[in-house]
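Undergrad: Sequence order for the protein chains is W and A. Residue numbers are given in the numbering used here: position 46 of the first sequence equals residue 46, and the series is strictly consecutive. Just remember that the numbering used here sits 134 ahead of the position in the second sequence, which is counted from 1.
Honestly, the hints are just simulated from the structure, not real lab data. Just so we're clear, the structure is a prediction, and the values are computed from it rather than from any experiment. One should not assume that every hint holds.
[Claimed, not checked] Pairs of lysine-lysine residues, derived as BS3-like cross-links and limited to a Cα-Cα distance of at most 25 Å, are as follows:
(1) W/Lys64 <-> A/Lys368
(2) A/Lys520 <-> A/Lys236
(3) A/Lys287 <-> W/Lys64
(4) W/Lys83 <-> A/Lys324
(5) A/Lys384 <-> A/Lys410
(6) A/Lys430 <-> A/Lys239
(7) A/Lys410 <-> A/Lys253
(8) W/Lys49 <-> W/Lys83
(9) A/Lys145 <-> A/Lys236
(10) A/Lys287 <-> A/Lys299
(11) A/Lys253 <-> A/Lys239
(12) A/Lys533 <-> A/Lys520
(13) W/Lys83 <-> A/Lys299
(14) A/Lys520 <-> A/Lys239
(15) W/Lys64 <-> A/Lys299
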Amino acid sequence: MTTQQEEHTLSHYLCIGCPMGCRLEVEADDGEIVEVRGFSCQRGENYAKQEFVEPRRMVTTTVKINHSLWARIPVKTVDAIPKERVQDLCDALHRIQLEAPVEMGDVILEDALGTGINVVASRSMPRTAEMAKT
Amino acid sequence: MLTANLQHLDKDYDVVVVGGGPAGMAAALGAKETGAEKVLIVDREKEAGGILLQCIHPGFGLQHFREELTGPEYAERYKQQVLDAGIHVATDTYVLDIDQDKQVKLLSGTDGVRLINTKAAVLSMGARERTRGAIRTPGHRPAGILTAGLAQKFVNLMGYLPGNKAVILGSGDIGLIMARRLTLEGVEVKGVFEIMPHANGLNRNIVQCLHDYDIPLHLSTTVVDLQGRDRLEKITVAPVDSHFQPDLSKSWDIDCDTLLLSIGLIPENELTRRLKIRLDPVTQGAVVNSQMETSKDGVFVCGNVVHIHDLVDFVSAESELTGRNAGLYVTDQQPPGDNIRLVPGENVRYCVPHTISSDRTHTVYMRASQPMEESILRLGDVYEKKLRYVVPAEMINLKVRPRFLQNFHGETLKVDILPVDNT
Ligand code: SF4
């Protein structure tokens with residue numbers, strides 16, 4: 001058997017889908033998934049496959065917001081983005097400044113870094129009259 | 135109605151809820167559902183929502199809303215329901231005291247003191263973080279040492295970074311989450327140190343907060359010295375032996391300007407103590423019956439002020455029940471009292487509630503003292519169920535149904551968690 005082409009691999013992951021933390025195993029031949037084991041639900045199976053092909057993560061961070069109850073507003077990606085883009089996305093979001101008011105679900109950054117995934121506000125933020133002074 | 139002006143409040147309420155976090159909001163809604171007309175939530179922050187507002191990461195609501203939400207989203211869903219239900223919310227307001235006749239003394243920075251009356255009170259003040267004093271770290275007293283939750287508030291709400299190079303002591307979930315959070319904000323996180331031989335937080339957080347960012351986790355290791363006059367400059371860490379004694383010959387120094395402590399939570403029970411309510415020395419929260427009523431008639435409790443929960447979803451469920459019972463109390467519909475006392479036995483640290491009644495279904499929350507593989511959870515000799523594993527970090531809940539107790543005529547039931555081969 002030529003090792004280069006017919007490589008049999010077992011990869012192990014810990015599912016981050018919920019607090020259960022199931023231990024997942026992906027069996028693959030030559031980079032093709034043969035079997036996924038150890039999950040307790042569909043989320044886990046999907047996560048294992050995704051992790052094998054291209055790890056992805058949800059991103060949550062905050063964005064500067066002016067004239068608002070708090071100085072920062074929490075935002076999130078509506079879906080997971082490739083793991084190696086997470087820091088870039090946070091850096092891009094740091095360059096944004098918003099004006100209150102903002103509604104929960106408002107799109108803050110469309111098609112983030114060309115991933116096709118939007119970043120939305122995780123809460124509504126009222127405009128605060130007293131804070132308008134700054 | 136949402137107000138920071140105490141003059142806008144009524145003089146008399148059916149239910150006053152102290153603390154507008156997830157527990158307080160769910161309790162207020164529960165009270166409304168069972169007939170309380172005038173319900174007031176008092177919160178010392180500038181808005182209701184509690185600690186959820188700074189927990190910007192996902193992982194909330196899988197049980198309660200059947201979808202994964204961030205903390206602020208979970209809070210906002212509740213806040214909307216609270217306002218829609220006509221519940222009053224007093225913000226920037228502190229409850230100074232509740233007297234034996236349930237007169238509530240409120241204090242606000244703008245309006246001073248105001249007294250209001252209530253028929254029932256729900257205490258849902260939550261918990262506060264253990265601070266440096268609780269673990270007696272030696273060394274100087276420079277700036278830059280703070281609890282992980284406070285750092286979370288600085289970063290996520292107020293927009294301040296606590297420093298540039300950070301170390302985290304304690305592997306609780308808040309500490310792990312802050313390790314990732316600070317990294318994404320450009321802080322160099324030099325490691326997480328845990329005195330126990332195992333991590334305290336969930337495995338998923340070790341994977342997604344530490345492994346993803348190559349942040350080292352040092353088990354059986356602790357901080358033995360802090361240096362820096364005005365600002366923290368350096369810490370010394372050392373491995374510990376099985377009695378938690380550090381081995382100073384193997385210590386090493388780390389340059390850092392920030393040390394975050396993630397070393398546990400303590401229920402915030404000052405008001406409960408002022409009311410002379412009976413406390414459980416294990417949970418450090420009130421002793422409660424199955425209606426979550428305390429030893430003081432008409433005073434109910436819910437959430438982390440009773441016992442520390444691991445999931446906000448459980449807080450919501452417990453608190454809604456608490457609120458419903460407060461509503462039944464003020465409308466004179468309270469069900470008959472309990473007739474069975476639960477006694478924590480083998481490998482059970484505590485049970486909440488402390489008593490139950492044989493004619494209703496109850497959810498009993500408990501925590502194990504020791505980790506155990508496959509085990510049996512036993513309720514006296516009336517009921518048992520298999521558990522796949524138990525760990526102290528994960529709360530166990532047990533539905534106790536009237537049919538389990540049909541033929542039981544005793545007054546106490548012992549709750550045990552036993553290894554499978556011993557039974
Ligand atoms: S496989 Fe399912 S149950 Fe197991 S950790 Fe993942 S999401 Fe949770």
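Undergrad: Under the constraints set out in the numbered hints, which ones does this structure not fulfil?
TA: Hints 1, 2, 5, 14 contradicted; others consistent.
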